[in-house]
Amino acid sequence: MSAARAAVSAPAREFAPAKRGALTIGVVALGACIVAALLGSAPVFFRAYLVGYLLWLGVAAGSLGLLMLYHLVGGLWGYPIRRPLEAAAGTLPSLFLLFLPLLAGLHHLYPWTRPGALADELLRHKSVYLNVPFFTGRAVFYFAVWSLLAGLLRRWSAAEDRDGRPAASEKMRRLSGPGLAIYIVTMTFAGFDWVMSLHPLWWSTMLGMWMVVGQGLAALSFIILTECLLARRPGYAAEVTPKRVQDLGNLTLMFVMLWAYLSFSQFLIIWSGNLPEEIEWYLPRVRTSWVYAAGALLLLHFAVPFLLLLMRTVKRSASLLAGLAAALLVMRLVDLLWTVVPAFEPRGLRLHWIDLAAPVGLGGLWVALFLGRLGRRPLLAPHDVRLKAETDD
1 MSAARAAVSA PAREFAPAKR GALTIGVVAL GACIVAALLG SAPVFFRAYL VGYLLWLGVA
61 AGSLGLLMLY HLVGGLWGYP IRRPLEAAAG TLPSLFLLFL PLLAGLHHLY PWTRPGALAD
121 ELLRHKSVYL NVPFFTGRAV FYFAVWSLLA GLLRRWSAAE DRDGRPAASE KMRRLSGPGL
181 AIYIVTMTFA GFDWVMSLHP LWWSTMLGMW MVVGQGLAAL SFIILTECLL ARRPGYAAEV
241 TPKRVQDLGN LTLMFVMLWA YLSFSQFLII WSGNLPEEIE WYLPRVRTSW VYAAGALLLL
301 HFAVPFLLLL MRTVKRSASL LAGLAAALLV MRLVDLLWTV VPAFEPRGLR LHWIDLAAPV
361 GLGGLWVALF LGRLGRRPLL APHDVRLKAE TDD
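So in the numbering used here, the last spot in the sequence shown is 393, and the numbers never skip.
No lab work stands behind these hints: they were computed from the structure. Hints should not be assumed to be uniformly reliable.
[Stated by the list, open to error] Restraint ranges, calculated between C-beta atoms of paired labels, are given here: (1) G164 to R376: 13 to 23 Å; (2) M311 to L97: 39 to 49 Å; (3) P242 to L300: 17 to 27 Å; (4) E277 to A237: 53 to 63 Å; (5) V128 to R232: 53 to 63 Å; (6) L268 to D163: 48 to 58 Å; (7) P242 to A42: 22 to 32 Å; (8) E121 to T205: 16 to 26 Å; (9) V35 to G164: 46 to 56 Å; (10) E277 to A42: 42 to 52 Å.
Where a beta carbon is used, it is the ideal one built from N, C-alpha and C, also for glycine.
Produce the complete structure using the sequences and hints provided.
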């Protein structure tokens with residue numbers, strides 16, 4: 001093991017102050033939201049909670065997807081971010097507990113749960129799928145699958161740390177291929193359940209992949225920010241080379257382009273078809289003041305990042321790429337607000353302070369969970385097989 005890797009071979013212990021700070025922010029922000037909900041803003045609270053939950057679930061689940069991608073395809077690009085990916089994916093069981101408040105507010109969120117919903121003939125046909133017990137059971141199943149995948153990868157990673165034998169690495173590689181397929185399929189159905197059924201008569205086959213790609217971009221943005229902060233440690237900084245930073249920049253560019261392709265293709269197909277049950281989803285988003293949010297997404301979630309990520313200097317600078325990643329994470333929140341809130345505010349762009357406080361509060365709790373897991377193990381894997389098989393340019 002090199003001196004640089006030995007310097008970070010012990011579990012990090014300096015995360016406690018940041019963890020306490022994140023936890024404090026989370027408790028205060030969510031506490032204020034809960035008080036507002038009890039005072040009569042429950043519908044706003046639950047929609048804001050859903051937005052915030054989708055954002056941070058996306059970071060955790062997207063990290064699981066990126067971790068499996070790394071184990072499957074290899075490359076040294078993932079070596080410095082492997083531990084943060086494992087820590088983020090490891091929060092998925094805890095995120096199931098944070099999902100429970102949404103079950104308490106289903107009737108505030110989903111029209112198909114309200115009395116009289118079955119008066120609509122089409123909803124009666126969909127009630128075989130859209131009913132509360134089946135909805136809850138599917139959610140339990142999704143989290144069980146994601147938690148199992150993350151748990152197996154973490155267990156085998158710990159075994160690799162202990163003895164350095166290639167058997168554990170091979171197990172992670174073999175799981176990651178089918179694991180990625182399982183993640184995509186289950187997240188597609190989760191997107192149908194948690195996002196599409198806000199408009200129970202609307203349908204889009206692209207929404208599932210939009211969820212997956214958006215989660216990948218959110219996770220990558222968060223992990224790039226984490227890597228930039230960890231690079232202040234001398235031992236870790238030696239592994240954050242310009243070549244590896246550039247690889248992450250190229251991966252970010254790919255996700256930005258995929259997000260734009262899926263978003264525009266969905267819009268083009270639905271708008272061209274001009275079917276009432278499909279076009280109604282876009283009408284409040286493009287014919288009211290919500291169109292300004294759409295314009296911001298086009299400019300700041302695609303055009304500007306796309307142009308910046310074409311520049312080699314941006315992709316090879318950890319600080320510049322981290323700044324862009326922070327902006328993309330904020331725009332992911334805007335994207336989710338634009339996707340979810342018009343279901344409740346179809347007449348125009350109207351946001352309550354809870355719409356921003358709830359994502360911040362959930363983010364504080366999630367970051368505290370993430371830092372707690374990140375501090376339990378070495379920041380660099382001492383026996384990663386890719387270090388033996390490949391060398392950096």
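Structure-based check of each hint:
no.: 1; hint: G164 to R376: 13 to 23 Å; in the structure: holds (19 Å)
no.: 2; hint: M311 to L97: 39 to 49 Å; in the structure: holds (42 Å)
no.: 3; hint: P242 to L300: 17 to 27 Å; in the structure: holds (26 Å)
no.: 4; hint: E277 to A237: 53 to 63 Å; in the structure: holds (54 Å)
no.: 5; hint: V128 to R232: 53 to 63 Å; in the structure: holds (54 Å)
no.: 6; hint: L268 to D163: 48 to 58 Å; in the structure: holds (53 Å)
no.: 7; hint: P242 to A42: 22 to 32 Å; in the structure: violated (50 Å)
no.: 8; hint: E121 to T205: 16 to 26 Å; in the structure: holds (23 Å)
no.: 9; hint: V35 to G164: 46 to 56 Å; in the structure: holds (52 Å)
no.: 10; hint: E277 to A42: 42 to 52 Å; in the structure: violated (29 Å)
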